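Same order as they appear, the protein sequences are chains A and B.
Residue 218 in numbering that gives the first Met the number 0 sits at position 219 of the first sequence, and the numbers go up by one each step.
Residue 216 in numbering that gives the first Met the number 0 sits at position 217 of the second sequence, and the numbers go up by one each step.
Note that these hints are calculated values from the structure, not bench results.
These numbers come from a predicted model, not from an experiment.
Heads up, the beta-carbon is just placed ideally off N, CA and C, and yes, glycines get one too.
Watch out, some of these pointers could steer you wrong.
[Said to hold, decoys possible] With the Cβ distance kept under 8 Å, some of the chain B side facing chain A (calculated, not the full set):
no. : residue
1   : Leu42
2   : Thr43
3   : Lys128
4   : Asn141
5   : Pro267
[Said to hold, decoys possible] No more than 25 Å apart at the CA atoms, straight line, and that leaves these computed lysine-lysine pairs for BS3-like:
no. : chain 1 : residue 1 : chain 2 : residue 2
6   : A       : Lys20     : B       : Lys209
7   : B       : Lys209    : A       : Lys23
8   : B       : Lys128    : A       : Lys23
[To be verified] Pulled a few chain B residues facing chain A out of the computed Cβ check, cut under 7 Å:
no. : residue
9   : Phe29
10  : Ile120
11  : Ile135
12  : Val148
13  : Leu152
14  : Gly238
15  : Val270
One letter stands for each residue in the lines below.
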Amino acid sequence: MENVNNLRNQLTKTITRPIEKIVKLFITASAFGAILVSISIIFTLLTEAINFFQDPAVTFKGYFTATRWTPTFQNPEYGVIVLISSTLYIAVIACLISFPLGLFSAIYLSEFATKRTRKVIKPVLEVLAGVPTVVFGYFALNWITPNIIQRFIPGTGVFNALSAGIAVGIMIIPTVASISDDALNAVPNSLRNGSLALGATRRITSLKIMFPAALSGIIASFILGFSRAIGETMIVTIAGGQYPELNLDPRSAMYTITSSIVNVSLGDTPHGTTAYNALFALGITLFIMTFILNIGSDYVARKYRKEYE
Amino acid sequence: MLLESTEKNMSNETLITGKKAENAIKESLFLFTLYICVTIAILTLMTLIYDVLSTGTTRLTSDYEVGLITKIQIDNPVDFLTTLDSRYPDRAGIGPAFAGTVWLMIIVVSVTFPFGTGAAIYLQEFAPKNRLTRFIELNLTNLAGVPSVIYGLLGLAVFVRLAGFGRSVLSGGLTLTLLILPVVIVASREALKAVPDTIRQGALALGATKFQAVFRQVVPSAIPGMVTGMVLGLSRAIGETAPLIFMGALTYVNYFPDTPLSGFTAIPIQVYNWIGYPQAEWKETASAGIILLLGLLLIMNSLAIFIRNRYEKDL
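Take the sequences, apply the hints, and build the full model.
Put into structure tokens, the structure is as follows:
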């Protein structure tokens with residue numbers, strides 16, 4: 000009897016070793032850290048942004064109606080509309096490039112490419128996705144602008160929205176392509192085969208059967224691509240220039256939210272100044288925009304996903 | 000496979016016999032469009048690499064001769080890697096930035112690996128399926144989509160100011176850690192998910208506790224996948240520029256960081272700096288920096304593929 004009790008004690012000992020408790024506590028804490036990070040992002044952005052709006056030189060109305068963004072000037076103006084419009088403008092150019100190229104690449108990969116071509120093209124797209132954005136910025140400024148833009152569109156400045164938008168678009172192609180490709184691959188083969196069996200060509204099958212069937216995933220990839228275009232920083236900072244006034248000419252420089260965050264932080268902006276707080280006001284503006292888009296992408300993908308057997 | 004080839008034959012036949020010539024034209028036009036789209040993506044990558052290589056290599060080969068004092072010029076990769084930055088483009092090396100990036104990598108790996116795999120193990124193996132867990136997962140998805148500048152602002156407020164680490168390599172490393180944690184957690188969970196249930200059940204059936212089953216059986220089999228995810232996350236971290244700008248990495252740093260609390264610069268930041276100068280010689284120096292950056296990324300991605308192939312056992 001005593002032996003059995005000893006054995007039981009030993010067993011229970013191994014079960015409740017303190018190291019196990021510590022490890023378990025550690026991994027649980029790491030997982031809950033995700034919530035902590037989210038909270039601290041919102042908290043830090045909000046507190047500094049609130050400080051920003053408490054400055055008498057800044058008004059909530061001015062933030063959304065002024066047409067110049069000049070926080071470091073003698074008479075600072077804080078018109079975020081300038082930045083938002085530039086950001087959306089460049090993002091739209093990027094989408095005009097990346098949506099068709101990404102989607103058609105995905106259709107090619109999933110509907111037409113042989114296994115061997117797929118094995119070559121997929122890694123190439125992965126490499127493209129892994130290129131650091133500062134390299135894309137260099138490419139936009141030193142290759143796209145002189146060799147493409149300035150050659151075909153005379154009168155374009157060194158820094159222009161067009162080359163930045165194109166480079167951002169190229170950067171997003173892999174995102175759009177790989178998510179759309181996954182969506183197309185998730186459509187069951189029976190649909191594809193049924194369409195082909197009824198005599199539809201591969202083009203008709205791709206466009207009229209596969210595309211609508213995968214639409215939710217494709218739209219999700221578009222929204223996500225748009226969100227990444229808005230948050231992209233280095234390309235627009237390097238190639239997009241900084242023109243602090245409202246302007247819709249793609250040949251001239253623009254000033255996105257992200258590039259003004261970088262530029263304000265480059266200047267001498269000590270802690271507590273309005274320019275410093277403005278960083279965080281821009282940060283929360285950007286955060287809200289991308290947050291809504293990311294949630295939207297997730298929602299579309301979940302809500303409209305057709306369940307196939 | 001067989002079905003696929005029959006499909007191909009069918010469509011080819013339609014193309015060739017082409018009862019409706021118009022349809023055949025449309026068909027080939029469509030395929031042509033698809034080819035063009037894929038080609039543009041690939042060509043861009045090729046052009047980018049070619050442009051960087053052709054501009055940058057002149058900077059790294061010894062037949063480079065500009066100016067009179069050829070001795071001080073940096074004309075080979077080793078000098079470029081070890082020399083300090085300079086006011087003159089032909090003398091500028093990437094030494095401090097390279098050292099900074101190595102420091103960042105060490106900090107990022109040593110913090111990300113325990114926390115990233117820990118969170119993944121908890122979520123995949125221990126977490127109850129309830130609302131709270133779902134909320135954590137939702138948080139992770141969102142964090143993966145937050146633009147990197149915002150992590151920079153977070154790092155500025157939390158690590159530089161609140162924690163008092165200042166504009167140091169430690170602040171930079173921790174900021175990059177936060178940036179790649181969601182990616183690493185997702186990759187590690189995939190690795191754990193790939194471990195078959197029979198291993199868990201086998202361990203439990205032999206009398207192991209849940210804890211023992213997970214940490215002695217499941218996690219060891221998932222380690223290669225976790226390491227692969229870690230390497231890929233790390234390769235994202237070393238290419239990041241924007242978040243580090245707030246760490247003061249952009250001020251002229253011309254020394255090698257010696258403690259975690261010393262100021263630093265990193266390869267992408269140094270490249271960004273050089274891109275900013277208008278003279279053509281700086282373009283070559285910037286290209287040389289980009290070659291180094293792309294080379295590092297290539298090595299890391301190859302490492303990830305190597306680990307995946309080497310240790311991928313059929314479980």
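Do the hints match the structure? See the list:
1. Leu42: Violated, because the Cβ-Cβ distance from Leu42/B to chain A comes to roughly 10 Å (cut-off 8 Å).
2. Thr43: Interface hint status for Thr43/B: holds (5 Å vs cutoff 8 Å).
3. Lys128: The hint is violated - Lys128/B has no Cβ within 8 Å of chain A, the shortest such distance being about 14 Å.
4. Asn141: holds (6 Å)
5. Pro267: Because about 5 Å separates Pro267/B from the closest Cβ in chain A, which is inside the 8 Å limit, the hint holds.
6. Lys20/A - Lys209/B: Roughly 13 Å between the alpha carbons, so the hint for Lys20/A and Lys209/B holds.
7. Lys209/B - Lys23/A: Holds. Lys209/B to Lys23/A sits at ~11 Å (cutoff 25 Å).
8. Lys128/B - Lys23/A: holds (17 Å)
9. Phe29: holds (4 Å)
10. Ile120: holds (5 Å)
11. Ile135: This hint holds: Ile135/B lies near chain A, its Cβ roughly 5 Å from the closest one there, short of 7 Å.
12. Val148: holds (5 Å)
13. Leu152: holds (5 Å)
14. Gly238: holds (3 Å)
15. Val270: For Val270/B, the interface hint holds, since the closest Cβ of chain A sits about 6 Å away, which is under 7 Å.
In summary, the structure is inconsistent with hints 1, 3 from the numbered list given earlier, while agreeing with the others.
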